[in-house]
Structure formats: structure tokens, C-alpha cells
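Asker: Here is how the chains run, residue by residue.
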Amino acid sequence: MPSKTLYEKIWDSHVVHEEAGKPALIYIDRHLIHEGTSPQAFAGLAAEGRKVRRPDLTFAVMDHSVPTTQKDRYLPIVDTGARLQFEALEKNCRETGVRLFDMNSKNQGIVHIIGPELGVTQPGQTIVCGDSHTSTHGAFGTLAFGIGTSEVEHVLATQCLVQSRSKTLHILVHGKRPRGVTAKDIILAIIGKMGISGGTGHVAEYGGEAIRDLSMDGRMTVCNMTIEGGARAGMVAPDETTFQYMEGRPFVPRGKAFDDAVEGWKKLKSDEGAKFDMTVELQASEIAPQVTWGTNPGMVTSVTGRVPEPGAFTDPNDQKATESALKYMGLKAGTPIVDIPVDRVFIGSCTNSRLDDLRAAAHLVAGKHVAVSIKQALIVPGSRGIKAQAESEGLDKIFREAGFEWRDAGCSMCIGMNADVLPPHERSASTSNRNFEGRQGKDSRTHLVSPVMAAAAAIAGHFVDVRQFDVAHIE
Amino acid sequence: MEPFNTHTGMVMPLDRVNVDTDQMVPKQFLKALTRKGFGRILFYDWRYLPGEKPNPEFVLNFPRYEGASVLLARANFGCGSSREHAPWGVKDYGFRVIIAPSYADIFYNNCFKNGILPASLPEEQIEELFQRTEKEEGYMLTVNLPDQTIADRHGLMFRFDIAPSRKEVLLKGLDDIGTSLQHEAEITAYEKAHAATATMYEAVDVQNYSNRQ
Chain A
1 MPSKTLYEKI WDSHVVHEEA GKPALIYIDR HLIHEGTSPQ AFAGLAAEGR KVRRPDLTFA
61 VMDHSVPTTQ KDRYLPIVDT GARLQFEALE KNCRETGVRL FDMNSKNQGI VHIIGPELGV
121 TQPGQTIVCG DSHTSTHGAF GTLAFGIGTS EVEHVLATQC LVQSRSKTLH ILVHGKRPRG
181 VTAKDIILAI IGKMGISGGT GHVAEYGGEA IRDLSMDGRM TVCNMTIEGG ARAGMVAPDE
241 TTFQYMEGRP FVPRGKAFDD AVEGWKKLKS DEGAKFDMTV ELQASEIAPQ VTWGTNPGMV
301 TSVTGRVPEP GAFTDPNDQK ATESALKYMG LKAGTPIVDI PVDRVFIGSC TNSRLDDLRA
361 AAHLVAGKHV AVSIKQALIV PGSRGIKAQA ESEGLDKIFR EAGFEWRDAG CSMCIGMNAD
421 VLPPHERSAS TSNRNFEGRQ GKDSRTHLVS PVMAAAAAIA GHFVDVRQFD VAHIE
Chain B
476 MEPFNTHTGM VMPLDRVNVD TDQMVPKQFL KALTRKGFGR ILFYDWRYLP GEKPNPEFVL
536 NFPRYEGASV LLARANFGCG SSREHAPWGV KDYGFRVIIA PSYADIFYNN CFKNGILPAS
596 LPEEQIEELF QRTEKEEGYM LTVNLPDQTI ADRHGLMFRF DIAPSRKEVL LKGLDDIGTS
656 LQHEAEITAY EKAHAATATM YEAVDVQNYS NRQ
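As given, the protein sequences belong to chains A and B, one line each in that order. When we follow our numbering, the leftmost residue of the first sequence carries the number 1, and every step to the right adds one. When we follow our numbering, the leftmost residue of the second sequence carries the number 476, and every step to the right adds one.
Mixed in with the good hints, there may be bad ones.
As the list claims (entries may be wrong) - Capping the alpha-carbon separation at 30 Å, the derived lysine-lysine pairs in DSSO-like fashion look like this: (1) Lys442(A) x Lys566(B); (2) Lys667(B) x Lys267(A); (3) Lys566(B) x Lys51(A); (4) Lys91(A) x Lys511(B); (5) Lys320(A) x Lys610(B); (6) Lys506(B) x Lys375(A); (7) Lys442(A) x Lys506(B); (8) Lys167(A) x Lys256(A); (9) Lys528(B) x Lys320(A); (10) Lys4(A) x Lys667(B); (11) Lys667(B) x Lys269(A); (12) Lys106(A) x Lys506(B); (13) Lys22(A) x Lys610(B); (14) Lys667(B) x Lys22(A); (15) Lys91(A) x Lys506(B); (16) Lys610(B) x Lys528(B); (17) Lys22(A) x Lys647(B); (18) Lys266(A) x Lys667(B); (19) Lys566(B) x Lys22(A); (20) Lys9(A) x Lys269(A); (21) Lys51(A) x Lys511(B).
As the list claims (entries may be wrong) - Not everything, but these chain B residues come out facing chain A in the computed CB check (under 7 Å): (22) Asp497; (23) Leu508; (24) Asp580; (25) Ile581.
Treat the hints as calculated values from the structure; they're not laboratory data. From the three backbone atoms N, C-alpha and C, an ideal C-beta is built for every residue, glycine too.
One chain only, chain A, in its complex shape (with noise of 0.2 Å):
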């Protein structure tokens, strides 16, 4: 038998139908559908007279425009376009026998925060989703990427995709992460060290002792970010760490279905010797915690350097695009980036906004308050889960006395659909996934960082090196 990558075994597993020289039709595991991206897949099946064929396999949520503030929740929408597609939604799933964790269930929460809460997320399975950070759930080693609405649609039709095979991308991250360094800095220094579409055309899996070392929720976050790096899939093989965190879950088997589950799931791993397309590696100890300068998530440096010149890149294209990036941020060229004040913090969206991001910020601010000339500070769980476990080890409560705004879930000010919006030319610490011109805002100036650099960054009123800080590591 020839060596297999991880992601052969799962794609061999899963084809339902394959031709020479054309793509093949994949089997879909688990779907998991939203209200911003499955109006028009929805109604174009109607408009055919076609079925959801696997409701049991379909979650819908309720994520990306949905209110953060308790009250908000209990009135009606006021946003009409918003209401008009949670009402859809929860037709849709009335009609067609789909679970709805609509924005009053307890399990409410971001679509890639939830799947794996509630263990609808499992090793070897085929996850799809027409939001492009469902690469998410490939921290647990499945296969897991973001689609378009018409995609959407043929999965609810068919339980199937039309795919082609991707090449394999291998990312080693070598040797212990150093004190302050979290997933989210590790994969930023990925992109910034690949570029935005350095992974084009490729699935990728991360190896190595810094991502072995990491816990479900820092794989979860690197995974979550590996479409900034354009490979539309990022996977780590499952290992204990991935077992203990699945026992006990929903949606998980238990008892000794569980435990066949596990050998299972143990197999999943690339063969010794099996070959990938391409090969990117880091040193860990040489990751510093980073910062994103620019307007997409490559434009990033080290918290210790400086905006750059638009000279400093070779490609002229390059030059073009920082010229016109500095100008939108607001920046110029050789500021030191702590010397960039911040108006507002976001802590939260898909990338991080889990417990361990909550605990690490929260450990970091306790007994501390965010700087006067910050405008606002907010923490927005991932999920209501998140939230109540997080409130029962008083997480709120330091928060709340460091000046956050302690919110309900959503993705919020990450891609602003709600009320949670960045005002024009203020500059945020984020800890979201894109700093793309008018991403959390019209004219917003988003810097993207880890939760614990966008906690310090509150308290300092500007970016400041989380090294100085007590930081604990666990983030």
C-alpha cells in the first residue's frame, strides 16, 4: 500500500463517485448552515421541487447578524434585513426538519464555535459550510472547507459535493512556543511568512511539537486561519488531546461506541513517508507575538518591528498595495508598532473567542483597567456555552471590573452585520481573522492579534510586547 497524507485516507473514504479526468462526487458528513449564507440555496431547491436529502446531518445556527446585548435579544430584530433572514432561516428549518439553534437556545453560538462544542465536529468526517472559516474544524482532523450558496445548495440536495483533489501542503512549526506566543501568533507568522495565497490550491496539515503542543482551542484557532493563507482546508491529526476534548460531548457516542470511535480516529494520521505537494517550516522559538499592520492578514510583523516602507518589497505590485494599505490604516511607514494607539478592542469571532482565549485575557487584566482613552473594550464568547462556563469561573466579573463590555454570542464586530460596528478611521485590536479595508466597518482600521495582545493593548491604550505582562501559558 502506498503512504497516504491524512487528507488522502479522508478524501479515498468519501468519494461516493469518481471518472477518470473529471472531479469526483464527495460524501458530506455534517453541514452546517447560517442565516447570512442559505436564503437563496433554500429557495432555489424550492424553485426545483428538491428535498433536503439528510436533515440529521444539517445544524443551522443563527450567528453572523445576531444582537450581542441581552436586551436586544428578547425584542424584536430592528434591523429589518437581518430579521427578514432569521425568519427565513427558521422557515427553512421548520420546513425541511433541520435542527435550528436559534439566537434564545442555550447552545447558541458562532457556526464553527458550536460544531465542535456540542461534538457534532469528529475525526475522519467530511464538514462543509458556506462560510469560508469552516477550515475550523480541521483542528480535529477532519476535512473541513467553506462553500459558495450554490454549493450550499447541492449539498442540501444531494448530501454530496462535486470536488476536485487539492495538492497537499505540510506545515511543520518546530520546538516549544515561547512564553506570550499564542496559535493565533503562530498562524499569522504562517501567513506572513507564506503570504495570502501561498496555500492556493492546497489542503494543508500542521505538524510539529509547537502545534502538537497546542490545545484543541489553539489548533482550532490556527486551522480557523488557514484560508487567510489561501489553502481553503487546514487539518491536524487527532492525538489524546483530540480524544479527551470529544469525550462527554452531545453529539459524541459514548460508553464503548466511543471507545471504538477512538481506534478508529487513531488511524487518522499521515502515513510515515507519504509525500506532500509542498513543505513549509518554522522554528517556534523565532515567533514573536505579532501584529497585522496592514489591510489582509500577511501585512503582519512582529510586535517588536516597525510599519514598513513600501520600498522594503521587491514586487512593484507589492509596493502598490502597501502604498495604498498605509494610506488606508492611517499609518506611516518606520512607526514602531507600539507606538500605535487603539480606540476599541475586540475580543471574540471564530478565531478566538474560546475558553482558552476568554481565560488567558482574563488573566491578563484581572486586577488592571482598560486605558481612558479606549472606547470601548468587548468580549464576545463564541457561544452561550462558552459564556455560562465562562461566568462560572468569573471570567465576567473580571472583565467587568477591568471596563469590558461583557456580551452575548455572535460573530460581531469581526464583520460588523450587527449593531457591534468599528466607526470610520477608528483603529482596532482585534482578535478576528481579516483586516480587509472596511471589514468590522466602513473605513475601520483593524490590527489583528491574539487575545492576550488585544487584552494588553487595552490596558496600555496602545500595542504593547505581552512579554512585559505576567501572561499565563495557556492561551
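Fit chain B to the supplied structure of chain A, relying on the hints for placement.
Answerer: Chain B in isolation, oriented as in the chain A frame:
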């Protein structure tokens, strides 16, 4: 889906690398229930000043490119969000063809679901097209999918590569779902053979999850 064979149209250059789908259709327009009407808001934040006044500095508003149907772009076009609203906007505005050195995977895939041809050419050829578009007002290209060629009226001709299966989808305007449903028996057989993964384990401790309750 509308089939694509050959298209002749005016070229509009978008001289910027890494154009992400957030720029094509910003978030406030994702609260839609239909696939229609995204052409009017395509590149919204670049295209309009406050009050939806056309921004005269953005290429889409240059009078010379009015009626363009071929979008000439730079590398990694369509990166970021998977929102299919982006290709819906591109198509609804009137573009049938995009020509760029490279595309992000999800956007590239979404184009084929909407009858848009995303053609790829090497950087030097793209550069040549940018120069010709800049020089000649009303610069036109003919994009021939069966022959896989891009030509202008001065004799320039470039060949582009495309996967045969992708080409067929566009040429025939194939409905993916209809094609896949022809494999119904195989899908059912797969589900039977993989009952462990293709079946949902009954959840415990999850309240309020089923609107059938």
C-alpha cells in the same frame, strides 16, 4: 445556468492585487434573500462616496469603461470570504469574463456556478493586456472558450488553460445538482456502507435544538 461559448466585450482594468470579496460585496448587502440586484452595489465602498455619489476616482465610474463586460484583474482575485454574492455582483453588473493571473479557490469555484468564465493568463500577458487597455479607448477582447483563446482585433492572441470538466460545465450551462442526482443509487449505497459516519448520533444534554419538538 446560462451557457458560455464565446464573448466579445470591452475591457475594464482593475489594477490591484488581492482584491477580496468583502470589497466586491460589503457585509451590509449580505442580508439578502435572493441572488438578484448585486450589480448596483458591486465594489460599493470603492465605487460610491457618501450619499451614493459615484466616486470619480474609481475605475468603474470612468465614462470610458461604461458597458465593459470583461474584467481584467491582478493576482489572487477574489480572496477571503466564500460569499457567492461577489460573483452574483460581478455577473449582474454585466461582466461575463474575468482575466487574471490567479484566483482564490472558493471564488474561482463560485464563478462556474454562475456562468462567469475566470480565465487565467501568466503575469506578463496580463501586464500586456493592462497596457493595451490603458492605451486604447474602448479596447475589446474576444474570449473563445471552445478554442481557449483570448484575442484582440490587432492580432494579439493568448491561449489559456482550463480543466476540461470546468470547460464543459460552462459550455453546456450544466446544472450540477441535476447531474449529481443521477448518482442517487450510489449515494444511497454509500450511506448504507458508511452508516457509522453517515448517521447522526442522538444528542444528550442539548436543549432547544430541534424546532420539531
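Asker: Decide, hint by hint, whether the structure agrees.
Answerer: Now the hints, each set against the structure:
1. A C-alpha spacing of about 24 Å is found between Lys442(A) and Lys566(B), which places the hinted pair at or below 30 Å, so the restraint holds.
2. The straight-line distance between the Cα atoms of Lys667(B) and Lys267(A) is roughly 22 Å, inside the 30 Å bound, and the hint therefore holds.
3. For the suggested pair Lys566(B) and Lys51(A), the alpha carbons sit about 28 Å apart, so the restraint of at most 30 Å is met.
4. Proximity of Lys91(A) to Lys511(B) is assessed by CA-CA distance (about 21 Å); at most 30 Å being required, the pair is judged to hold.
5. For the suggested pair Lys320(A) and Lys610(B), the alpha carbons sit about 21 Å apart, so the restraint of at most 30 Å is met.
6. Between the alpha carbons of Lys506(B) and Lys375(A) the distance comes to roughly 28 Å, so the proposed pair stays at or under 30 Å and holds.
7. Pair hint Lys442(A) plus Lys506(B) holds up; C-alpha atoms about 16 Å apart against a cutoff of 30 Å.
8. For the suggested pair Lys167(A) and Lys256(A), the alpha carbons sit about 37 Å apart, so the restraint of at most 30 Å is broken.
9. Restraint check for Lys528(B) and Lys320(A): the C-alpha separation of about 26 Å stays at or below 30 Å, so the hint holds.
10. Note on Lys4(A) and Lys667(B): the hinted pairing holds, with a Cα-Cα distance of about 25 Å set against a maximum of 30 Å.
11. A distance of roughly 25 Å separates the Cα atoms of Lys667(B) and Lys269(A); the hinted pair therefore holds under the 30 Å criterion.
12. Between Lys106(A) and Lys506(B), the direct Cα distance comes to roughly 24 Å. Compliance with the 30 Å bound is thereby established for this hinted pair.
13. Proximity of Lys22(A) to Lys610(B) is assessed by CA-CA distance (about 41 Å); at most 30 Å being required, the pair is judged violated.
14. About 25 Å separates the Cα atoms of Lys667(B) and Lys22(A), which keeps this hinted pair within 30 Å; it holds.
15. Of the supplied pair hints, the one linking Lys91(A) and Lys506(B) holds, its CA atoms being roughly 16 Å apart against a limit of 30 Å.
16. At roughly 28 Å between alpha-carbon atoms, Lys610(B) and Lys528(B) fall within 30 Å of each other, so this suggested pair holds.
17. Distance hint between Lys22(A) and Lys647(B) is fulfilled; the C-alpha atoms sit about 15 Å from each other, no more than 30 Å.
18. For the given pair, Lys266(A) sits about 23 Å from Lys667(B) by alpha-carbon distance, which is consistent with the 30 Å threshold.
19. Only pairs whose Cα atoms come within 30 Å are accepted, and Lys566(B) paired with Lys22(A) is accepted, the gap being roughly 26 Å.
20. For the suggested pair Lys9(A) and Lys269(A), the alpha carbons sit about 8 Å apart, so the restraint of at most 30 Å is met.
21. Taking the CA atoms of Lys51(A) and Lys511(B), the gap is about 23 Å. The hint holds against a cut of 30 Å.
22. Interface restraint check for Asp497(B): the shortest CB-CB distance to chain A comes to about 4 Å, inside 7 Å, so the restraint holds.
23. For Leu508(B), the shortest C-beta to C-beta distance to chain A is roughly 5 Å, which falls under 7 Å, so the interface hint holds.
24. Hint status for Asp580(B): holds, given a least beta-carbon distance of 5 Å to chain A, under 7 Å.
25. The interface hint given for Ile581(B) is met, as the beta carbon of that residue sits about 6 Å from the closest beta carbon of chain A, less than 7 Å.
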